[in-house]
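Build the full structure now, drawing on both the sequences and the hints.
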Amino acid sequence: MSLPRDLGFARRKGTRAIRRAAALYALLLIALLVNAARVQIVESSRYGDNPANRRPMIARYGQPRGDILVDGRAVTGSRDTGGLLRYERTYRDGPLYAPVTGFASQVYGTTLLEAAQDGVLAGTAPQLAPMPAWNDAVRGRSPGGAVVTTLDGAAQRAAYQGLAGRTGAVAAIEPATGRILALVSAPSYDPGELSGTSASVTRAWARLNADAARPMLNRAIRETYPPGSTFKVVTAAAALDSGVVTDPDDATSSADPYLLPGTRTRLTNEASGCADASLRYAFTWSCNTVFAKLGVDIGLRNMRVAATAFGFDDPALRIPFAVAPSTFARKPDASQLALSSIGQFDTRATPLQMAMVASAVAGDGTIMAPYLVERTTTRSGRTVSTAEPRALHRAMSAGTAARLRELMRNVVEEGTGRNAAIDGATVGGKTGTAQHGVGNSGKPYAWFVSWAQADDAPQPAVAVAVVVEDAAGERGEISGGGNAAPIARAVMEAVLNSRPHPLNSPQHPRHCSEPACWGGAFAR
Amino acid sequence: MIQPGTPGTSTAAETPAPAPRLPRRRGIEFTLILLAVLISVYGYCAVGLAQHGTLPPGAVHYGAGLGLLALLAHGAVRLRAPYADPLLLPIAVLLNGVGLVLIYRLDLETPGEREAPAQLYWSTVGVALFVAVVVLLRAPRLLQRYTYVCGVAALVLLVLPIFFPPLNGARLWLRIGDFSIQPGEFAKVLLAVFYAGYLAANRHALAFSGRRIGPLQLPAGRVLGPVVAIWLLSVAVLVLERDLGTSLLFFGLFIVLLYIATGRTGWIAVGLLLASLGALAVARLEPHVHSRVHEWLHPFASIDAGQGAGQIAQSLFAFAAGGALGTGLGLGHSILIGFAAKSDFILATAGEELGLAGLSALFLVYALLVERGYRAGLALRDPFGRLLAIGLASIVALQVFVIAGGVTGLIPMTGLAMPFLAQGGSSLVTNWIIVALLIRISDVARSQYDGSAAP
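Protein chains in written order, with the UniProt record's numbering: chain V, 1 to 524; chain Y, 1 to 455.
Simulated from the structure, these hints should not be mistaken for lab results.
One should not assume that every hint holds.
[What the hints assert, rightly or not] Coverage of chain Y stretches by chain V, computed from C-beta distances (three or more under 8 angstroms per stretch; other residues unrestricted): (1) 298-311; (2) 424-435.
[Unchecked claim] A few chain Y positions that, by computed beta-carbon distances, are all more than 12 angstroms from chain V: (3) R24; (4) T31; (5) I39; (6) G65; (7) L79; (8) I91; (9) V135; (10) P183; (11) F186; (12) T262; (13) I268; (14) G351; (15) I390.
All C-beta atoms in this analysis are idealised placements derived from N, C-alpha and C, irrespective of residue type, glycine included.
Okay, here's the thing in structure tokens:
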């Protein structure tokens with residue numbers, strides 16, 4: 001802008017002052033803009049993450065949470081409260097599926113699948129958005145996606161009903177794929193009680209945590225028990241694979257009772273005829289003496305190799321939530337090794353781990369990585385991810401697995417596990433009655449691990465492990481065959497009945513109700 | 001802008017052409033007003049769509065109401081100020097419209113307290129006064145006759161609330177029944193008139209008389225006395241009323257106008273010295289101010305103390321949640337700020353829901369308003385009009401900086417209304433008067449245009 005020349009000094013000076021004042025305002029404007037950019041861009045995520053900032057919570061509960069599906073049906077739901085933290089989680093058959101779903105609480109956060117699949121369920125997983133980069137830029141949140149589980153509803157219900165009124169757990173796996181078909185813990189709780197922000201949520205939380213029966217403990221994966229005689233499957237596999245036993249029908253030179261090496265403790269048997277018994281006889285009738293001695297003969301190194309091959313001492317297992325590691329003693333002396341080999345001393349296992357042991361036998365020696373999530377989809381049904389079965393461990397040679405299948409069939413057909421027999425199917429099993437407590441004073445745990453193969457099927461369809469902590473009956477009457485095997489049978493029957501087709505292999509989906517089959521998810 | 005002799009056309013300046021008549025540009029103004037109304041209606045609809053998935057029921061009424069007001073104002077300008085700057089009115093309509101949208105949007109979160117209808121009512125009053133000023137005030141320089149009347153009136157308005165009960169810890173309101181006004185808002189305009197009138201009359205005395213101390217030349221007390229007295233009184237009253245934002249605004253206005261009137265840098269130094277002394281004293285004496293400074297330096301102190309987020313922290317959270325593009329109208333949670341979310345902290349809603357993009361756009365619109373005011377002032381030869389235009393523009397500029405800087409954590413928070421945006425009738429009406437005065441001044445400036453200076 002040009003200035004007229006004929007103006008006086010004051011005016012020119014005044015104009016200069018005006019320009020300077022204008023420049024000052026320009027500086028103030030720049031300061032505002034720079035500071036706004038600082039707050040809104042540079043510090044944005046720091047302010048967003050501040051624990052006092054309620055926006056993440058509001059956004060999280062501002063839309064219905066995606067659902068968890070069993071057999072193509074949602075076992076979860078959302079209730080619109082209209083409040084600030086708007087949608088609350090609801091559960092259909094909450095106690096039945098609690099060991100799988102966990103809870104999603106406004107106050108106490110999330111656990112289990114609700115935690116492991118939170119990104120999909122809450123809609124924050126970038127894969128849910130059609131254009132992830134754009135979604136990120138506009139800070140959009142996709143509608144909550146669906147999590148399709150591997151569970152078999154009938155098997156889950158059978159296990160839950162079998163444990164009714166008891167404390168215990170059941171885990172069932174499809175040996176060929178590692179799909180978890182049932183995961184039950186009893187007593188259970190209703191995770192819906194923890195949804196929302198009301199005072200009843202706090203009360204429920206306090207009550208559940210104070211309950212001596214520990215209903216929120218997921219016994220199937222987060223509790224380890226001495227596996228007792230069910231561990232003899234591992235010891236037998238080690239004996240055959242290491243060559244300590246070459247023919248299961250050869251007599252073993254073992255005394256009854258067996259004097260634990262270096263001690264004066266005499267190990268005895270429930271069964272008779274265990275002196276020098278063959279591996280087959282010892283397995284069928286569960287001779288402690290034979291397996292304790294076999295463990296010592298196999299040696300610590302090979303016993304540890306076998307236990308690790310079966311999945312013991314693996315802290316990294318996720319299904320997709322973490323599983324408590326099962327353990328085998330690290331530095332036992334000879335007498336402790338003998339006890340460890342019959343599933344006592346420091347040997348401890350989760351029910352899921354023992355289901356994996358049965359699964360290894362059923363699956364020709366290979367343990368498939370167990371998993372609970374078959375697929376995840378967007379709310380509209382587009383598949384986001386599909387599980388790919390993968391081998392986790394080679395537990396034993398295929399030949400050893402075949403021999404162990406025979407031994408386990410003997411147990412069900414003529415031995416301690418006759419309660420698990422199913423018409424029209426081949427069933428193999430192993431009982432266990434585990435001592436525990438100081439001086440073995442506790443009520444023994446009743447165990448049963450097994451697998452079942454329909455007569456017209458090419459391979460076993462299910463491997464299962466059952467533990468009952470507080471079996472009914474007197475101490476002496478408690479046994480895996482009596483208390484745990486009937487539950488295992490009910491679960492196996494449920495799985496076999498839910499598959500009408502003889503060819504049930506991973507290539508053929510068991511459940512194909514909507515929306516599980518949209519988009520050709522099972523093409524592979 | 002029309003620039004005779006723009007670079008590239010060198011011959012144009014040689015021939016003494018007859019002074020061209022400036023285009024009136026009322027058509028441009030009309031188009032821009034239409035655009036401003038459309039933007040506001042769009043925002044109104046966006047809020048309804050985001051919150052309920054349907055167009056809000058009042059969209060037509062709201063659009064019609066705002067449009068009618070804008071057209072009335074436009075008609076008045078077309079009739080009585082045909083050469084006025086065509087940007088001033090559209091800016092006022094846009095800011096008023098966006099403010100209504102933001103208040104309506106926040107009303108949805110507080111079903112018990114609906115403020116948007118009252119704000120629309122005050123907009124009507126504001127536009128009525130705008131029309132009155134444009135129609136009745138023939139020449140702005142006539143205001144210079146009332147220099148001292150304005151000074152005294154400003155003081156009276158500032159003192160009045162002291163006799164009324166305080167509201168939210170500050171004595172700023174005149175309350176008669178349900179009806180309350182903030183006389184301090186109107187005092188801003190009166191004080192600007194007084195400063196402009198007095199400084200225009202005495203600028204030579206202020207610039208050339210007085211003693212020299214080192215590099216500074218101080219004016220004689222005789223000339224400066226009345227100005228400083230009025231200023232001291234007004235600031236004292238405001239400190240008593242605990243309205244720190246307004247005292248800051250008056251002080252800034254005083255310094256800027258004094259500097260422009262005299263052209264003496266010394267005044268800036270003296271002003272800043274006085275300001276720092278005053279700030280120090282007030283911060284020491286006033287616990288209210290002390291806590292404001294503390295909250296500015298440590299916005300998250302209350303969180304660390306386990307008392308949850310304070311207002312400034314909540315405001316920062318809101319801006320941060322907006323990011324670059326914002327959450328979208330109706331989708332933010334700035335209501336978490338709580339008290340004063342619709343008034344002092346209205347900008348946080350804009351920041352969260354419109355993002356840095358929207359916030360910057362708002363700042364630039366304000367900057368444009370200030371720039372147009374300055375331009376009108378620069379184009380005038382009459383020193384009074386000049387100082388008045390610059391004073392009014394400075395009121396807007398300083399007010400925006402003080403409140404926007406406060407809510408974004410740039411400076412300590414002091415209560416001031418965001419011009420046109422914030423809920424509050426007195427402030428809205430005052431801003432319409434300011435724009436009316438600027439329109440009158442720019443009309444005079446551009447109709448006097450003789451080709452010697454670009455308007």
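Unmet hints by their number, sorted upward, for this structure: 2, 12, 13, 14 and 15
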